[in-house]
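Protein chains: 2
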Amino acid sequence: MPDTLANRAAAAPLTIRMHAEDNVAIVANDGGLPPGSALPGGPVLRERVPQGHKVALVDLPAGAAVLRYGVPIGYAVQDIPAGSWVHERLLQMPAARGLDDLPMATRGAAPLPPLEGFTFEGYRNPDGSVGTRNLLAITQTVQCVAGVTAFAVQRIQAELLPQYPNVDGVVALEHGYGCGVAIDAPDAAIPIRTLRHISQNPNFGGEVMVVSLGCEKLQPERLFPSEGIPIQDRRGTGSAGPLAVPLLPGGEPRSGAGGVVCLQDEAHVGFMSMVDSILRQAEVHLKRLNARRRETVPASELVVGVQCGGSDAFSGVTANPAVGFCTDLLVRAGASVMFSETTEVRDGIAQLTARAATPEVAQALVREMAWYDDYLKRGGVDRSANTTPGNKKGGLSNIVEKAMGSIVKSGSAPIANVLSPGEKLSAKGLTYAATPASDFICGTLQLAAGMNLHVFTTGRGTPYGLAAVPVIKVATRSDLARRWHDLMDINAGTIADGQASIEDVGWALFRFMLDVASGRQKTWAERWKLHNQLVLFNPAPVT
Amino acid sequence: MPDTLANRAAAAPLTIRMHAEDNVAIVANDGGLPPGSALPGGPVLRERVPQGHKVALVDLPAGAAVLRYGVPIGYAVQDIPAGSWVHERLLQMPAARGLDDLPMATRGAAPLPPLEGFTFEGYRNPDGSVGTRNLLAITQTVQCVAGVTAFAVQRIQAELLPQYPNVDGVVALEHGYGCGVAIDAPDAAIPIRTLRHISQNPNFGGEVMVVSLGCEKLQPERLFPSEGIPIQDRRGTGSAGPLAVPLLPGGEPRSGAGGVVCLQDEAHVGFMSMVDSILRQAEVHLKRLNARRRETVPASELVVGVQCGGSDAFSGVTANPAVGFCTDLLVRAGASVMFSETTEVRDGIAQLTARAATPEVAQALVREMAWYDDYLKRGGVDRSANTTPGNKKGGLSNIVEKAMGSIVKSGSAPIANVLSPGEKLSAKGLTYAATPASDFICGTLQLAAGMNLHVFTTGRGTPYGLAAVPVIKVATRSDLARRWHDLMDINAGTIADGQASIEDVGWALFRFMLDVASGRQKTWAERWKLHNQLVLFNPAPVT
Ligand SMILES: [Ca+2]
Ligand SMILES: [Ca+2]
Ligand SMILES: [Ca+2]
Ligand SMILES: [Ca+2]
Ligand SMILES: [Ca+2]
Numbered sequence: 001m002p003d004t005l006a007n008r009a010a011a012a013p014l015t016i017r018m019h020a021e022d023n024v025a026i027v028a029n030d031g032g033l034p035p036g037s038a039l040p041g042g043p044v045l046r047e048r049v050p051q052g053h054k055v056a057l058v059d060l061p062a063g064a065a066v067l068r069y070g071v072p073i074g075y076a077v078q079d080i081p082a083g084s085w086v087h088e089r090l091l092q093m094p095a096a097r098g099l100d101d102l103p104m105a106t107r108g109a110a111p112l113p114p115l116e117g118f119t120f121e122g123y124r125n126p127d128g129s130v131g132t133r134n135l136l137a138i139t140q141t142v143q144c145v146a147g148v149t150a151f152a153v154q155r156i157q158a159e160l161l162p163q164y165p166n167v168d169g170v171v172a173l174e175h176g177y178g179c180g181v182a183i184d185a186p187d188a189a190i191p192i193r194t195l196r197h198i199s200q201n202p203n204f205g206g207e208v209m210v211v212s213l214g215c216e217k218l219q220p221e222r223l224f225p226s227e228g229i230p231i232q233d234r235r236g237t238g239s240a241g242p243l244a245v246p247l248l249p250g251g252e253p254r255s256g257a258g259g260v261v262c263l264q265d266e267a268h269v270g271f272m273s274m275v276d277s278i279l280r281q282a283e284v285h286l287k288r289l290n291a292r293r294r295e296t297v298p299a300s301e302l303v304v305g306v307q308c309g310g311s312d313a314f315s316g317v318t319a320n321p322a323v324g325f326c327t328d329l330l331v332r333a334g335a336s337v338m339f340s341e342t343t344e345v346r347d348g349i350a351q352l353t354a355r356a357a358t359p360e361v362a363q364a365l366v367r368e369m370a371w372y373d374d375y376l377k378r379g380g381v382d383r384s385a386n387t388t389p390g391n392k393k394g395g396l397s398n399i400v401e402k403a404m405g406s407i408v409k410s411g412s413a414p415i416a417n418v419l420s421p422g423e424k425l426s427a428k429g430l431t432y433a434a435t436p437a438s439d440f441i442c443g444t445l446q447l448a449a450g451m452n453l454h455v456f457t458t459g460r461g462t463p464y465g466l467a468a469v470p471v472i473k474v475a476t477r478s479d480l481a482r483r484w485h486d487l488m489d490i491n492a493g494t495i496a497d498g499q500a501s502i503e504d505v506g507w508a509l510f511r512f513m514l515d516v517a518s519g520r521q522k523t524w525a526e527r528w529k530l531h532n533q534l535v536l537f538n539p540a541p542v543t
Numbered sequence: 001m002p003d004t005l006a007n008r009a010a011a012a013p014l015t016i017r018m019h020a021e022d023n024v025a026i027v028a029n030d031g032g033l034p035p036g037s038a039l040p041g042g043p044v045l046r047e048r049v050p051q052g053h054k055v056a057l058v059d060l061p062a063g064a065a066v067l068r069y070g071v072p073i074g075y076a077v078q079d080i081p082a083g084s085w086v087h088e089r090l091l092q093m094p095a096a097r098g099l100d101d102l103p104m105a106t107r108g109a110a111p112l113p114p115l116e117g118f119t120f121e122g123y124r125n126p127d128g129s130v131g132t133r134n135l136l137a138i139t140q141t142v143q144c145v146a147g148v149t150a151f152a153v154q155r156i157q158a159e160l161l162p163q164y165p166n167v168d169g170v171v172a173l174e175h176g177y178g179c180g181v182a183i184d185a186p187d188a189a190i191p192i193r194t195l196r197h198i199s200q201n202p203n204f205g206g207e208v209m210v211v212s213l214g215c216e217k218l219q220p221e222r223l224f225p226s227e228g229i230p231i232q233d234r235r236g237t238g239s240a241g242p243l244a245v246p247l248l249p250g251g252e253p254r255s256g257a258g259g260v261v262c263l264q265d266e267a268h269v270g271f272m273s274m275v276d277s278i279l280r281q282a283e284v285h286l287k288r289l290n291a292r293r294r295e296t297v298p299a300s301e302l303v304v305g306v307q308c309g310g311s312d313a314f315s316g317v318t319a320n321p322a323v324g325f326c327t328d329l330l331v332r333a334g335a336s337v338m339f340s341e342t343t344e345v346r347d348g349i350a351q352l353t354a355r356a357a358t359p360e361v362a363q364a365l366v367r368e369m370a371w372y373d374d375y376l377k378r379g380g381v382d383r384s385a386n387t388t389p390g391n392k393k394g395g396l397s398n399i400v401e402k403a404m405g406s407i408v409k410s411g412s413a414p415i416a417n418v419l420s421p422g423e424k425l426s427a428k429g430l431t432y433a434a435t436p437a438s439d440f441i442c443g444t445l446q447l448a449a450g451m452n453l454h455v456f457t458t459g460r461g462t463p464y465g466l467a468a469v470p471v472i473k474v475a476t477r478s479d480l481a482r483r484w485h486d487l488m489d490i491n492a493g494t495i496a497d498g499q500a501s502i503e504d505v506g507w508a509l510f511r512f513m514l515d516v517a518s519g520r521q522k523t524w525a526e527r528w529k530l531h532n533q534l535v536l537f538n539p540a541p542v543t
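Those protein sequences? They're chains A and B, same order as listed.
Per the UniProt record's numbering, residue 1 is the first one in the first sequence, and the count goes up by one each step.
Per the UniProt record's numbering, residue 1 is the first one in the second sequence, and the count goes up by one each step.
Since the hints were made in silico from the structure, they are not lab data.
It cannot be assumed that every hint is accurate.
Copies of the same chain are indistinguishable here, so a pair counts whether it falls within one copy or spans any two.
To be verified - Below, computed lysine-lysine pairings styled on DSSO-like, alpha-carbon distance capped at 27 Å:
#1 428 <-> 392
#2 522 <-> 428
#3 392 <-> 217
#4 529 <-> 217
#5 217 <-> 424
#6 287 <-> 428
#7 529 <-> 428
#8 392 <-> 287
#9 393 <-> 217
#10 424 <-> 393
#11 522 <-> 217
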């Protein structure tokens, strides 16, 4: 009888251990496991253990370090026999970690062995970067121009794009910044460089097209101070006066005549003259973009941003570890991988500084965490602002354990580099790109860093997507993958089901990434055109 | 010969005095006026005076108060004979104004005489408010759902709206808030109540429709804690657990079954099931909205938000004073008018507190200014963050004079009420609604306050518009009105040209407002569908 078989299959004890050194594992079965359950290759349960909660794999004497993700997440307050439920009352919590006396680059792990022979089909850019999509981006200096730009984008889609079939689409880089902001505040550098660097994302082919109002605080020269995009300006009343027309370092104007369309230009008479200016400028760029062709490039040209959102008890057990395994594959293949989400990893800082490749990298990690601690304090909150009420109920004993479940996305490679928010990435290997955990803000900052592929794990489910870069979504549970079958790209729930290993899913993700990067596959968010807003990280005041 | 005639017309001296007590006026002529020019009804110029700069109308002995907008903007440092250029070096600047020892409700002006008999055709709502448009608004609890909602809105527009011809459109209330934010921070109340109150804008007919993800920090119950919109919830994994289904105070569910569509609802299988849920819910609201009919209501039902953006030297001389005159008409007609832009009016605080109707109102003004001073200080800047380099060149001697040019939009009525950012307005008469000067943030907060009509003055020109409320744009100069003939609704430049008085333009604006409110006229931004983003004011940290 199928029902009975299914019930028996569901009842077969499933546990997940995250690291070879771990002395606890978590119970994967729906509804947990009853006393007497014989764990595969381990002890018999002495009591009921709820789903997502920890069981002792060996006898843990009082004072013993309880190891999960290969790190101590606490210390046994009494003898805990093998097969016991290791709930949070049996653990002495590590104190919230300050930023002094951290282990700095102490792990000294050997570099991972190289992984060769993997390639994808990408668009090689003049600056050496590689795009995975071929998009016309329209940079906006200020929210004021968003309505006119949106109107122009509709006409570009209807009238111009059909003539340029190699171009995948047009992306208006709309945002809420640019005026009514304290543009000289110490922290204003973050939103400004974020916008600058997003314009230079590899998927935009080095074509920088700008729509400006004219009187905004974020003048085009301020947005691109040294980039030298040509600015055709006839703003008689502009406070900035006639603008210089600097050239690119190579001496060649990147965008032809007039890389910037200024709506207040006195030559504009009537709304349609503004729209027509944008279309004319777009066509200059579309012609060049249309000539781009995919070519075979090594997997080392991937720049992958990983993050999680809508997390559940299995995020740190299935999807994030599978992403972590894939991160190692990418690092071994010579690619760039960024992990982020400062408020989520903050309490695992000691693991991060230990993993830093050099003391300088460890110092940079501390610098970013200290900056964020201070930023939260200025706003009257502390880092508990990130925790959720469901954490302990879901089996997470404390903040270190929670942070490790997020950090596990970063795999095991040494941390080779640290980026401040909005900075552009130039290094290979594993980078900590400091960003808030907010899905939209993290994604926006990873775009600015130059990612050409985005991996997003989710347990509760989110339809998150970006217009500029493909987003691969990984489900933590099979139930979510089933219900959201046309929104989730990869199901890591098979790990909890006992049907696949972390390595299996990590490899499947790696191969899928090469297919998506090559344009052979589209993500579900791309197929439905689900795009979240750019949300800038602006820690400075508005005015 | 027409050329000569035109030149002679252009050369006819034009000056503008803002207030009957003023002892200076400004020169309106392009290029300024040469020495020897005889001012209409005033002295002969002793020297060249640039456009937008001040001329002494009478002899000003050393130490005399120089009055503009009826207030002292400085003191003569030497004898200044009538007909002299009163440049900033001849004025002793008032010190930047602290918040102590202010005149509190000292002006004691008589209330303005009532103005009766003016009406418009509006949509009367169950709560007594009146809409000027008939829109379906879709509230979003978090940015995560924006892509799915945008997809659904396209289908609503294509499939449903044609069946409901009395509905003017559908507005997705997209924003960057809702998750990844310090939702318990002291300042988080501002973005949360802003979203809540925008959902209740009179143009949305009291129909509150919400799309939620499910796991976001801004749960629907938190967004509408006491409003009692029904929530149909089958989120088995939701941390909030099964939700209560509170009713409206009247006991009648406002939105039929399921005012909230939760994407993580376990009943949703596949992307289209989410879209279909949104469409089903939309139809419930569209049916009721379609039954709304315009009826004749008194002008006192207008709730007008005024602001300026892209200002120039004539903003405080033509457009803003004309708006100020119109503000008085509205107040006389019993309507609600909000003026805002804390960073722009901050240095005129003494004029505002003096004009307060009561000491309590004056105290509330001081409270809002003090809060903003502190907010800027936390971010490492001060209120000079608002000033622009072109101010002095344009003839503005100091920050008080600049502030008065913005405050003049508020007319002459006593300030009857003060709103904190994101609060909802319930008072008639003149209100100071504290907001940043940022056009998009100010507009978003005035929407939350309940405005049903928006007036926006601009000198440099901006295509600003909102999806929820008509925006009437007033140009400060005829040249802008000519070039942007299909973006500017009212030309106040005729005041500088000597062709119309401030009163003429103020009355024209008042009558145009009644036409726009009635739907007999559309604004240019409406015709082109130019919509700026909602940009929330979130002084709290993101996480
Ligand atoms: Ca996360
Ligand atoms: Ca989320
Ligand atoms: Ca995230
Ligand atoms: Ca303004
Ligand atoms: Ca403004």
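Going through the hints against the structure:
{"no.": "1", "hint": "428 <-> 392", "in the structure": "neither (37 Å within a copy, 50 Å between copies)"}
{"no.": "2", "hint": "522 <-> 428", "in the structure": "within (25 Å within a copy, 55 Å between copies)"}
{"no.": "3", "hint": "392 <-> 217", "in the structure": "between (47 Å within a copy, 17 Å between copies)"}
{"no.": "4", "hint": "529 <-> 217", "in the structure": "between (32 Å within a copy, 25 Å between copies)"}
{"no.": "5", "hint": "217 <-> 424", "in the structure": "within (23 Å within a copy, 30 Å between copies)"}
{"no.": "6", "hint": "287 <-> 428", "in the structure": "neither (32 Å within a copy, 57 Å between copies)"}
{"no.": "7", "hint": "529 <-> 428", "in the structure": "neither (30 Å within a copy, 45 Å between copies)"}
{"no.": "8", "hint": "392 <-> 287", "in the structure": "neither (56 Å within a copy, 45 Å between copies)"}
{"no.": "9", "hint": "393 <-> 217", "in the structure": "between (48 Å within a copy, 17 Å between copies)"}
{"no.": "10", "hint": "424 <-> 393", "in the structure": "neither (39 Å within a copy, 38 Å between copies)"}
{"no.": "11", "hint": "522 <-> 217", "in the structure": "neither (39 Å within a copy, 30 Å between copies)"}
Checked against the numbered hints given earlier, this structure breaks hints 1, 6, 7, 8, 10 and 11; the rest are met.
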